[in-house]
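Novice: Sequence:
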Amino acid sequence: MEEPDAKPEMRAIPALPEKFSEGRDELNFAEFPLGTIAERIDPAVKTLHFEDRIFDKSKNDWIPRKLTITGSDAYGLPTSTDDEVLLGLIQLSKIQQFKDRRVFFSRYQLIKLLRWPVNGQSYDRIDQALNRWIGVTLYYQNAWRDRETNQWVDEKFHILERIKIYSQENERSRPKPEAGQGSFEFASSFFVWNDAVYRSFTSGNIKTLDYNFVLELQSSISRRLYRFLDKRFYKARSLTFELKNLAYEHIGLSRNSPVADLKRKLLSAIDELVEKQFLKPSPKEHRFRKERAGVWHVHFEKADFVPVVPKPSPEAKPRQGASEADRTDATVIVQKLVDAGVRFETAVELAGKYPADYIESKIQLTEHLTNTKSKKVSDNPPGFLITAIRTDIPLPRTFITPEQKQAKEEAKIKRRETLQQQEAKRKEREETAERERRKTIDQFWASLPKGERVSAQAEAISRADRMYQELLAKGGSLAQAARQNLFDDYALERLSQG
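Just so we're aligned, residue 163 is where the sequence shown starts under this note's numbering, counting upward by one.
In short, the hints are calculated from the structure, not lab data.
Note that beta-carbon positions come from the ideal geometry of N, C-alpha and C, so glycine has one too.
Among the clues, some could well be false.
[Unchecked claim] Label-pair restraints from in silico Cβ distances:
hint, residue 1, residue 2, range
1, Ser-536, Arg-505, 30 to 36 Å
2, Glu-184, Thr-209, 31 to 37 Å
3, Glu-579, Thr-299, 49 to 55 Å
4, Glu-632, Asp-423, 43 to 49 Å
5, Lys-589, Ser-234, 46 to 52 Å
6, Gly-282, Asp-627, 54 to 60 Å
7, Glu-621, Asn-312, 54 to 60 Å
8, His-461, Thr-553, 24 to 30 Å
9, His-459, Asp-289, 39 to 45 Å
10, Gly-514, Tyr-396, 49 to 55 Å
[As the list claims (entries may be wrong)] DSS-like, lysine-lysine: derived pairs with alpha carbons at most 27 Å apart:
hint, residue 1, residue 2
11, Lys-261, Lys-181
12, Lys-221, Lys-397
13, Lys-425, Lys-574
14, Lys-589, Lys-442
15, Lys-221, Lys-181
Make the full structure from the sequences, and use the hints.
Specialist: Written out as structure tokens, the structure reads:
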């Protein structure tokens with residue numbers, strides 16, 4: 163930490179844009195998790211492993227990939243919160259156009275970028291995350307994509323090589339730019355990227371990331387799944403993965419989780435991504451498909467979704483040759499302007515010069531900023547409204563009109579009803595299929611003479627694999643269920659053979 167009386171090196175850095183959405187993600191970091199998906203981890207666990215196989219076109223063969231992550235004894239492995247901070251550091255570098263490995267920043271700026279509350283707890287979380295990242299070592303075996311050679315290579319490194327925090331730098335003490343210099347702010351803290359990471363940035367091994375979308379996601383599993391799929395959707399809009407491989411190796415779910423838990427946790431994240439129109443909705447039986455005992459696949463399709471952005475306001479031009487309808491609109495809009503605090507004479511002037519729908523949009527803008535306690539309008543809302551009309555101050559990208567909000571809510575209700583109807587039909591189909599299946603199996607056993615039936619059941623049990631043998635040996639309800647499954651599989655096999 164910097165001594166209170168020390169004079170730290172200070173840099174002018176770009177201020178955070180009012181609306182920052184077009185972020186960046188490093189492609190290797192999007193492929194494998196860099197820590198636990200949970201917010202807490204057993205302090206005794208100091209190492210994580212992730213591995214898979216991928217087809218390498220240059221070798222025309224499948225190659226194994228492995229990532230080993232080790233944490234320091236003092237601070238341990240990164241958590242999902244630390245992953246948020248690392249992604250924020252990438253965005254700080256993007257805002258500074260990846261010009262230097264050493265990135266000056268302030269913790270206040272990073273907290274605002276992460277949209278965390280500005281309080282002591284957030285500062286502590288930032289410090290804890292930085293302590294973890296400086297102590298984490300990554301060992302990539304055939305798993306780091308070198309953009310310069312387009313090869314999978316081995317790399318071993320710390321993500322961050324150095325961090326310097328000026329402890330006196332906070333929201334109150336940080337130097338302020340002079341009036342008219344709102345495009346930058348000052349910072350004395352900095353971090354330094356490892357050379358391998360920085361070369362990956364500057365060689366173009368990064369992708370565009372909808373940073374607003376990531377921050378809006380409520381679940382760490384949703385965020386991890388989104389970053390992985392958003393990378394993989396680059397070449398195909400339809401993707402299928404082996405369930406355990408996706409969940410264990412690319413999302414970071416516990417290897418102790420049975421298939422049912424994996425499906426439940428992933429489905430919750432998938433539902434959020436469907437709700438936000440990143441993924442297409444799909445019935446559960448299509449989303450998850452069983453290939454054989456213990457092996458499931460999960461399927462995704464990217465939704466054809468373009469975020470709704472309000473159209474630019476019409477150019478403010480004087481109105482000529484106003485019709486009777488225009489005059490009626492002007493009378494209504496004059497009253498709305500007066501209700502908003504504009505003097506009557508000024509309201510009449512504005513209503514005579516600008517279209518009613520244009521003025522209406524500026525009234526909605528002013529109301530929106532007032533409700534969100536924006537400093538732009540807090541001192542003089544009527545004055546801001548007049549300026550917005552005359553200078554055509556644009557609506558924020560995130561602004562939603564009452565009509566759009568209602569339409570969005572109606573669409574949400576309709577989607578929910580559609581999904582509920584699809585789920586009801588799916589259940590009905592499954593129940594019908596199960597009844598038919600049960601009927602077919604029962605008819606098969608009933609058709610066999612008693613002696614042949616006993617022999618067939620004995621043969622079915624003799625085919626049991628080790629897992630079934632253990633269940634049968636335990637007795638009780640599990641043994642009964644195992645025996646029934648063996649009889650059912652045997653019957654279906656006999657029936658398929660004619």
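Novice: Now tell me, hint by hint, if it's right for this structure.
Specialist: Now for the hints, and whether the structure bears them out:
no.: 1; hint: Ser-536 - Arg-505: 30 to 36 Å; in the structure: violated (23 Å)
no.: 2; hint: Glu-184 - Thr-209: 31 to 37 Å; in the structure: holds (36 Å)
no.: 3; hint: Glu-579 - Thr-299: 49 to 55 Å; in the structure: holds (51 Å)
no.: 4; hint: Glu-632 - Asp-423: 43 to 49 Å; in the structure: violated (21 Å)
no.: 5; hint: Lys-589 - Ser-234: 46 to 52 Å; in the structure: holds (50 Å)
no.: 6; hint: Gly-282 - Asp-627: 54 to 60 Å; in the structure: holds (57 Å)
no.: 7; hint: Glu-621 - Asn-312: 54 to 60 Å; in the structure: holds (55 Å)
no.: 8; hint: His-461 - Thr-553: 24 to 30 Å; in the structure: violated (50 Å)
no.: 9; hint: His-459 - Asp-289: 39 to 45 Å; in the structure: holds (42 Å)
no.: 10; hint: Gly-514 - Tyr-396: 49 to 55 Å; in the structure: holds (53 Å)
no.: 11; hint: Lys-261 - Lys-181; in the structure: holds (22 Å)
no.: 12; hint: Lys-221 - Lys-397; in the structure: holds (20 Å)
no.: 13; hint: Lys-425 - Lys-574; in the structure: holds (24 Å)
no.: 14; hint: Lys-589 - Lys-442; in the structure: holds (20 Å)
no.: 15; hint: Lys-221 - Lys-181; in the structure: violated (44 Å)
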